[in-house]
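K.L.:
Work out the full structure, taking the sequences as your base and the hints as a guide.
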Amino acid sequence: MDGPIPAAQTSRRTFLAQVIGACVTFVAALLGVPALGAAIGPALKRDESQWLPLGSPDAFHEGQPTGVNLTVVRRDGWIESTDVKGVWVVRQPGNQFTVYNGRCTHLGCAYSWQPDQQQFTCPCHAGVYGLDGHVLAGPPPRPLDALLTRVEGGQLQAQYRDFQLGTPEQAPA
Amino acid sequence: MSDAVPAERHPHRNLYGWFQDRLNVELLWQALFIRKIPFGVNLLYTLGFVSLALFLVQTLTGTILALYYSPSPDHAYDSVEYTITQVPFGQVIRGIHHWGASAMVVVVVLHMLVTFGMGAYKYPREVSWWAGVALFGLTFAFGFTGYLLPWDEKAYWATTVGTNMAGTVPAVGNFVESLLRGGSQLGALTLTRFYAVHVLVLPMLVAGLIGLHLFLVVWQGVSVPPGLWDAALARLRGARRAPTAPETELEYRAVYDDFKLRGRRFFPDLIVEDAVVSTIVILIVIAFAVAFGTPLEGQADPTNTGYVPRPEWYFLFLFELLKYFPGSLEWVGVVVLPGLFFVFLFLLPLLDRGPRRSPRYRPISTAIAVISVTAVVVLTWRSVLTTPPALAENRGARLTSTEVVGRELVAAQGCVSCHVIEGRGGNVGPSLDGVALRRSAAYIHSYIENPRGLNPTAAMPTFIPPLTHEQVEDITQYLLALR
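As given, the protein sequences belong to chains V and A, one line each in that order. With our numbering applied, the first sequence corresponds to residues 1 to 173, in that order. With our numbering applied, the second sequence corresponds to residues 1 to 483, in that order.
Derived by calculation from the structure, the hints in this document are not laboratory data. Yeah, the Cβ is synthetic: ideal placement off N, Cα and C, and Gly gets one too. Among the hints, erroneous ones may be present.
Okay, the calculated bits of chain A under chain V, using three or more residues with CB under 8 Å as the criterion [said to hold, decoys possible]:
(1) 65-79
(2) 90-97
(3) 255-269
P.N.:
What follows is the structure in structure tokens.
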């Protein structure tokens, strides 16, 4: 058919094959990197915790826990939903703040502060907690769940989280 | 075939040897890649390969877009916005898909014109031509189903007009229109329908037809440039002038084999041309995606009376054609004429059975091609000229005093360098026309105040400072008034 192929011909063909390889590699990298980045990136993104504003620290007074409703924006891709979550803000001596998740650690009912008894009571199964969150009576398996707090820009903020209910250990829900 | 098993065992007992002993991959490689391509093949022959390369690019970018797309009117727009703002490289991938579609139309049309000009649809490549005509039509179907998906104003209104066109046909019109829309209204059922067709039906059809098209190209070999072919056939017959009778099977084989003998090897001699041209075209597409981005208009708003719908540029000729047909005959322009054009393309190899392939010797078909191309170009051009420069200018007419203050602040802050506002502006950020449909006042205010607070990857700068809360509220009120 072709007869013997001259050496110049083979080196030319090797070169052309290399050009093809270079083109394929170049295009594959140019498109592959963005494609992989787009496919993998959002999957590895962790939910960043949001600092939610509770208002000025001066609005809270020692010995008088205050119930606050927090608006939590939940983002699931392009779907956004807002949830209103109740928390209790307790001002401790020395400008310290404790913010409790507003759900009883027993079965998740909303408890409330009884000023005359100076304790939190849960209406469902008569769980009772002290100002420091510890269980004083009733079925709750662990103290009230405290949230992370900080004061920033003259504003008290907390990170809202839910925890597993009915367990002695505090574990994320 | 017994050829599939080689006569001798491969000397090396490695993985390659294992496959070679079973599939005779060496013979396959020889047959597919080392085959000779006829003498005379030039750069115009790379257009088919470029179409294939672009189809692969569209498949890749489309798959990535599908990962972050929700085919529901509630979420389609937000999901596209999410893709371009939150997904790494999302903006550029959507850009490549958008411009890739345009490039695909250009390259497929050029490929078809070259094939037409070369008379390559003639004996024995009629079936190849038919597969090509179908692929040509499906390319436009991809475009039409694709641009509804972002569910922005253009998507909604262009599809409203597009599906209404079908409805103008007497007798069957309403039925076809309902079939296209999945109901009497353009809505959720239309979107899922277009999505399914765009990502399932069309890709399968196109992949199958590409398979057939490619198989035929390998099985039959590509055509020889028409001038060379006519001359060679005349020479074979000992005649001076171009052939006057179609070639017989024996003549075809003799001439084609001779061209093949003098030709080049497919690999690497010709593939290198395909690879280099494809790389350049893909680079151009990426450059367009990066330089011009991809428009995402305001979310579809069926009550918007100020919007001027225009289809994608490759449908503008059809849009313009409509203007020349009075109401009751509209369907002739939009359905009958394009339909006849497709019928003509399909019948072409059967109608034109003349012996000569060179376009100068095929006056009728060449004239039809020139007239068609000129008509499409002129119609497209006229349509571009008559498109209003942007949306209505004096939208500020009925604004409240607060909104007017907001409008001035928006102008002073140069918001339009990134956002479309009142129909014009950049596309770095989302369009703000119709933002009231998507966002609450509180959200808009908070976003302007501190974009990163709501969107950690926002490119938008913080506006408090330099602005005050009152000023941001004025802007918010103005933005809410935008339709």
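K.L.:
Hints the structure violates: just list their numbers, smallest first.
P.N.:
As far as the earlier hints go, not one is violated by this structure.
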